[in-house]
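Student: Here is what each chain is made of, one letter per residue.
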Amino acid sequence: MAVVRGKKICRFCENKINYINYKDERILKRFTNERGKIIPRRVTGNCAMHQRKLTTAIKRGRVLAIVAFESESYR
Amino acid sequence: MRIYETTFVINPQTDDSTIDKHVKDVQEIIASSNGKIIHESAMGTRRLAYEIKGLTQGYYASFLYEAESDVLGKLDRHFKINEAYIRDLTIRIEADPEDVIKQIDPFGKHGSGRDNDNDDNSSNRRGHSRDSSRDDDKKEEAKAEAPAEEKPAEKAVEAEEKTEEAPAESADSSDSSDEKKEL
Ligand SMILES: [Zn+2]
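Line by line, the protein sequences give chains A and B.
Note that this note's numbering gives residue 527 to position 70 of the first sequence, counting from 1, and the numbers run on in steps of one.
Note that this note's numbering gives residue 1113 to position 92 of the second sequence, counting from 1, and the numbers run on in steps of one.
One or more hints might be untrue.
Unchecked claim - Mimicking DSS-like on lysine-lysine, the simulated pairs with C-alpha atoms at most 27 angstroms apart in a straight line are:
hint : chain 1 : residue 1 : chain 2 : residue 2
1    : A       : K510      : B       : K1045
2    : A       : K494      : B       : K1095
3    : B       : K1095     : A       : K516
4    : B       : K1095     : A       : K465
5    : B       : K1101     : A       : K516
Keep in mind that the hints were calculated from the coordinates and are not lab data.
Here the structure is a predicted model, which is why all the values come from computation and not from measurement.
Start from the sequences and build out the full structure, keeping to the hints where you can.
Tutor: Now the structure itself:
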């Protein structure tokens, strides 16, 4: 994630995204690491509101097997 | 009347007409609760992120609709008694349905119009046949696990918010001027 320290822009705000689609594998993957863990917003630069929405979306995606649950083994 | 979105996964190891029927059944249940379908998306057969009942692929379909709330119980019962559905999720949509539709169909149109870096990420992943045999047992209970998992993760987010604000404030009070010039 190419985010310069101190200059964080929320990608969702930037793109005026009000709803995060939990079926969009690409978005969910972009904000999880290779273990499937949600990347903290201190790293990605998301604002609190969008991080909250993203977290919900990722959890929904996990239930539907669109993305994996956090796991010890690599996917 | 409320707006809901129901997404479900059907066992793809059957013929197309059977899959169609399973999709239509859901549609009929929605209709029976005074439902109006706002958007339908058939995402088709996709690789599952983890194995479910020994399956590695599933047929995904989703309805965005407005219906009476009794639809929830009906759908729940339907998904429960029919083994063809391997996963289902119904959520209430509080956002503007227009916003939802804008972000829908990422598979059909390939992307939701956002920036395209990291794209190779997903294609890589698709190529990897995930060796999920180890976490099979875990995934069996995926559903039961989901709510339990909710809390720690949310706390983590909150905690993170706090740690983030703290340094910003201290920076403001003392050496913030230098730091800001640099950036
Ligand atoms: Zn934002």
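Student: Holds or violated: are the alpha carbons of K494 (chain A) and K1095 (chain B) at most 27 angstroms from each other?
Tutor: violated (34 angstroms)
Student: With the threshold set at 27 angstroms, check whether the alpha-carbon distance from K1095 (chain B) to K516 (chain A) stays at or below it.
Tutor: Since the Cα atoms of K1095 (chain B) and K516 (chain A) sit roughly 24 angstroms apart, the hinted pair holds (cutoff 27 angstroms).
Student: Holds or violated: K510 (chain A) with K1045 (chain B), Cα cutoff 27 angstroms?
Tutor: violated (31 angstroms)
Student: Is K1095 (chain B) close enough to K465 (chain A), meaning Cα to Cα at most 27 angstroms?
Tutor: violated (45 angstroms)
Student: Keeping to a limit of 27 angstroms between CA atoms, is the pair of K1101 (chain B) and K516 (chain A) held or broken?
Tutor: holds (21 angstroms)
When each numbered hint is compared with the structure, violations occur for hints 1, 2, 4.
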